[in-house]
Amino acid sequence: MLEVRNITKRFGNLVAVKDVSMSVRPGELRAIIGPNGAGKTTFFNMISGYFPPTKGSILFQGKDVTHVPAHLRVGLGMGRTFQITEVFPELTVHENVLTAAEVAARQTLHMLPNRADAKLANDVAAEMLALVGLGAKADRLVGELSHGDQRTTEIAMALAQLPRLLLLDEPTAGMGDQETYEITTLIRRLHKERNYTIVLIEHDMRVVFHLADYITVLDQGGLLAEGRPDEIAASEAVQAAYLGESQ
Amino acid sequence: MATIRVSINRRTLIKSGFALAGSQVIGAPFIVKSLADEPIKIGMVNPLTGVLSALAQSEVDGARYAEAEINKKGGILGRQVQLLVEDSANDVGTGVQKTRKLIDRDNVAVILGDVNSGIAYAMSQVTNEKKIFHIVPGGHTDPITGTSCKWNVFRICNTTTMDANAVTPELVKKFGKKWFFITPDYAYGHTLQDAFIKALKKAGGTFEGDMLPINNTDFSATLIKAKAYKPNVLLNNMGGLTQINCMKQFTQFGMQKEMALGGALFELESVKGCPPDAQTGWWTMEWWWNQPKVPEVVKFVSDFRAATKKTPSARDWFGYVGMHTVRLAAEKAKSLEGPKMAKALEDLELPPDVALQPGKVRYRAGDHELMPNIFVGEVHPPKGEPDDLFAVSALVPGEEAAGSVADTGCKMVAPA
Amino acid sequence: MSAEIGTGATAGAIGTRRTPAVPKWVMLAVVWAILIAVPYWLPLLGGYTALAGRVLVFGLAAMGLNLLLGFTGVLSFGHAAYFGLGAYGAGLTLRYLAHSTPLAMLLGTLLGGLAGTLFGLLIVRRRGVYFAMCTIAFGQLWYYLAYSWNDFTGGFDGLRDFHREPIGFGPLTLDITDGGNKFYFFLLAVFALAVGLMGLLVRSPFGHTLRAIRENERRARFLAIPVERQIWLSFSISCFFTALAGTLYALLNNFADPLALHYSLSGYLVVMCVMGGMRTFWGPLVGAAVFVVLQDYISSMTVNWMSFVGAIFVIVVLFFPRGLLGMRRTRKSV
Amino acid sequence: MFQVILFNVTNGLIIGAFYVLMALGLSLILNLSNVINFAHGNFLALGGYLAFTLSPALGYWGALLVSPFITALIGLAVERLMIRRVYNRDPVYSLLLTFGFAFVMQDAARYIWGPNGLPLGLPEFLSQPISPTLFFITWYRVFMVGVVIVAVLGLFAFLRYTQVGIRIRAGTLDLETVASLGVNISLLRTFNFALGCLLAGLSGVLAAGQIGLNPNMGDDLLMPSFIAIIVGGVGSLIGTLFGGLLIGVAAALTTVFYPSASEAVIYAIMMIVLLVRPRGLMGEEGMMA
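Residue numbers (our numbering), protein chains in the order written: chain A, 1341 to 1587; chain B, 64 to 479; chain C, -8 to 325; chain D, 38 to 326.
Treat the hints as calculated values from the structure; they're not laboratory data.
Hints are supplied without guarantee of correctness; some may be wrong.
Below, a list of computed lysine to aspartate or glutamate pairs in the DMTMM-like style, where the Cα atoms sit at most 20 Å apart [stated by the list, open to error]: (1) B:K194 <-> C:D142; (2) B:K193 <-> C:D152; (3) B:K474 <-> C:E156.
Which chain B residues face chain D? A few, computed with CB under 10 Å, are given here [what the hints assert, rightly or not]: (4) T112; (5) G113; (6) S283; (7) K290; (8) A291; (9) T314; (10) K335; (11) C337; (12) D416; (13) Q420; (14) V455.
If you want the footprint, here are the derived chain C segments under chain D, 3+ residues with CB under 8 Å [stated by the list, open to error]: (15) 58 to 68; (16) 147 to 159; (17) 257 to 264.
From the three backbone atoms N, C-alpha and C, an ideal C-beta is built for every residue, glycine too.
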């Protein structure tokens, strides 16, 4: 599904990511972890196409997307959410998701409302809202919702673009326990019931070990370890890296 | 500032402007009075803000003065007169809108205005459509009483052609036939320069010139050209503040040592805005206050000064004549209907206490242009009193300067 | 037709979760009824129909601008250029080409709209005040062009010697030349048609993408919305509507003058949007009505009307940033 | 002809120098506060009028020195009372605010000093041409250019060598970082606004000596300043400097061949610059986006 081959990213003299590879199979839920400054976000941004790697290549469904910019990757089937909540605050939840669905349905140039169009996008939006459990709040302004609901809206927006791969950037960032629990349950459901392929960055280890099939650990820009949750939990190198951070 | 004092005090019965708005809004439809009690409303639209505001304000002052004078003497047709002044802001759209407002809402009998010929012309389209008697006190371009003349439109100030024709012989005789023009690039400037060129060619002269943007502030580039051309006379056709700047730079560059300076109009308001060394050149005045040999003028000037604390300029006179013209036309026609007033005014001669100058002054029937004397002379720094800035050397009769009606291109069409 | 279309427009535009106390179709019926009945009630209040015509024209121009300003979140401070080009386009057509009002409106709208479309290409990457600055300066280019090109445009004095022509043939002719109620209804019909189109536009998927850009440009980009293209189209469409309003302005005055291109008019249009509520569909019309009527009254009261108009700007910005219609909505950070 | 062109180039530089002074003030405010100050032309007029009012008491030289500072003080008050409130809002508000305030200032000038043009008296020797051949260069123009040069050098030195100046420059590039270093951004912006008004006031006194005073005098100078900034490149004060000189010369040269287009030509230059080099002649990539 997603194949990252030996990518490196330099910012001037600083090497943020060096020579990291990763392979994600369809239906897999992959978590990327690592101490602060490990290069997770840079790595993630290259996958989503925010900027291209200095060296190496990225393949998505067998196609080289290394230099495809982010907004075109969406069209290829990569949906993403952001570390900082990115929604359209003065639109309703429904309008947020609907807009995403319309863009995915390539209706951005449709300048007159059209029943067929509207039905197509509306159905997708309604489905996704129901899926994430925001159906009851569909007509509220997103800006008025709780942080957790805003993050959930974001996921619904990503889903409305009908992605094959879902990239989640710290989905539980800034959340309380209850919200974290809810969003974790949602991601698990998307993964198990809907069979989405998901790649996420996450700080909260409870979430990571609860969700992930497979974990990639980065440290100081390089690949430190890769394996199933139990393998990672047992890895001394990983423990050392995290301990180093806490000193 | 005089502006506010006059316009508010006269119009408002209530102190607050907003309260007035309220009273007009609510009062207008419900209070029904007998017609005789209702004042005759005369609407004036003039650019009270913007670059022409000084000239516009003088016209308002003159009209206000006449309004008081007329009311003291019993009004028009036994009814009091009320002058409503609206600001056109030197914008055509606003001018047209205000004209419609005065006609549709305030039911004015007559419209006066505008200093800006472009706005005056646009207003005349409205007044003509509504068959309202319209006097243009101070918009100079020829077409208003020439190719675009209308049965309901009369004009007090001279055409640009008249002014040019009046001063040209004097300039040619005194200084020579090689001229350089500095002309603003809009209708007033164009018609003025064309008129000069026509008159100059008749005298066998040669010329060159620059058309400059109307709000031009720096004249050095053009003055460089002018100096290279070495003309006998440099004609400053600019208007208002722009003319003042041009005069200043002209004298700063010491050009007056090499050539004479002159032009058609250098109005009292503008002369006063110049420093003393720029108060110079040969010009026309369309009316001049210092006419010691005409008793009516002496009386008018002293009364006017007593009432307004200023010396009347040609613009004050325009406004003054405008109001009295309404009175004369209405009383002769015994009516306030546009067509009848227009008919009555044709070839009507102004009485001496309105004409305020020697000789006969009448509205010519063929083109509806007033035919006053044109005062040609030299502008100089104040002598004796601050407003003594102009020495009259010749009085050119308007009819002589205007040429025949056929020359103006006016084909008057009677009201349908 | 318009009432029907407008309903959705309001719903889509405001996007509020509140159910209004009055059903939307009732509101719209009231709005249109008020507009249609203007010639009957306005004189009773001491107004005059020409004033209402002016409100409609500026209202349409401001609503056109608001597609960009309020619905896309892009600040143009130079829309007078397209308004004025519309006016000149119509005037020039009537004067030099053909005595046909519809043709004049068509060509005027095209002139303004296409100028905006081309210029839009140059500046879609600019944002905020820089975008605004480019639009102002570009607008002034046209102002000076109209002002300098005496022979063609009439220069400072404006373009004259044209007037609106009756529309239609034979028995179906609508004579709008006298400027009375018939002309007002003609203006209203054009206004209704244009506003209907705008209503459809803001409800369309395209309209949704514009609001997404306004709300969060970065996010919109990551949704794969082609932000630059959408802003360009929005700018262009907005210019077409404003140019259409400009053609009506020329017909209203039988005149076109350079001040219709001047940036101060752009400022008036922006303040109309903000005063009425730029996040609402009808706000600009309300703003135009308030602004035109206030300016009309104040400038009759005092020559110091500029101070009052300026003070209105300042007061709106400091105290009513959401505008008259926007105040009904939740107060949040602006 | 050659001489005429040469004269006009010189002349254009003189006019351009004047645009520069005005545009630099505008540019300072734009760069640091992200506000287009529409009232800048009115601050210019204010400076001129203050000089007119003060010169009977202080003489020309006293007025020349004092009125820019009074203008700056008034600017400071305006910034504290009004403009400061809109910094963190959508730019539409700051534009409307200064636009509306420009109306109020213009009207106030008309109310206080009257609608007629007023002359500002100059010391006698300044009004003379420097020589009969260079008659179009009066001593006043030389003096004006001198003052502009001193002011511009002073400004650049100030921005380079003083702590406040360095902070202003840093704030232009990255306001957040400057704020995080503990600099009081609000005060910095106020000071910067006042500095811009100081330059406007100085331009006003100089302009008053050249073209006289009237309530609308700032309007005609505002747009060329905008163009100078766009042409020179937003964010670059040096660019503004060259932009101003460039359009001054272009306008003067146009006057030789087609005078009535002398205003339109500077807009044409702007269009060309936007087409060919959108960031302006010396603008940095990204500044305008």
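Going down the list of hints, with the structure as the test:
Under the criterion of a C-alpha separation no larger than 20 Å, the hint pairing B:K194 with C:D142 is inconsistent with the structure, at around 31 Å. For the given pair, B:K193 sits about 17 Å from C:D152 by alpha-carbon distance, which is consistent with the 20 Å threshold. Simply put, B:K474 and C:E156 have alpha-carbon atoms about 23 Å apart, too far for the 20 Å limit, and the pair is violated. With a cut of 10 Å, the hint placing B:T112 at the interface with chain D holds, because the nearest CB-to-CB distance is about 7 Å.
Given the 10 Å rule on beta carbons, the hint for B:G113 holds: about 7 Å separates it from the nearest Cβ of chain D. Checking B:S283 against chain D: minimum C-beta separation of about 4 Å stays under 10 Å; hint holds. Evaluation of the B:K290 hint against chain D yields a held restraint, the C-beta minimum of about 7 Å falling below 10 Å. For B:A291, the shortest C-beta to C-beta distance to chain D is roughly 6 Å, which falls under 10 Å, so the interface hint holds.
Checking B:T314 against chain D by beta carbon gives a least distance of about 8 Å; that is within 10 Å, so the hint holds. At a threshold of 10 Å, the smallest CB-CB gap from B:K335 to chain D is about 7 Å, leaving the interface hint in force. Here the hint on B:C337 is kept, as its CB sits about 7 Å from the closest CB of chain D, short of 10 Å. Violation of the interface hint for B:D416 is found here, the shortest Cβ-Cβ separation to chain D being roughly 29 Å, above the 10 Å cut-off.
Against a cut-off of 10 Å between C-beta atoms, the interface hint on B:Q420 is violated, since the closest Cβ of chain D lies about 26 Å away. For the restraint placing B:V455 at the interface with chain D, the shortest Cβ-Cβ distance is roughly 24 Å, beyond the 10 Å limit, so the hint is violated. Note: the segment 58 to 68 of chain C has 4 residues with beta-carbon separation from chain D under 8 Å; the three-residue rule is met and the coverage holds. Against chain D, the segment 147 to 159 of chain C contributes 0 residues with a C-beta closer than 8 Å to a partner C-beta. That does not satisfy the three-residue criterion, and the hint is violated.
Coverage of a stretch by a chain is defined here by at least three residues with a beta carbon nearer than 8 Å to that chain's beta carbons; for the segment 257 to 264 of chain C and chain D the count is 3, and the condition holds.
This entry does not satisfy hints 1, 3, 12, 13, 14, 16, going by the numbered hints stated previously.
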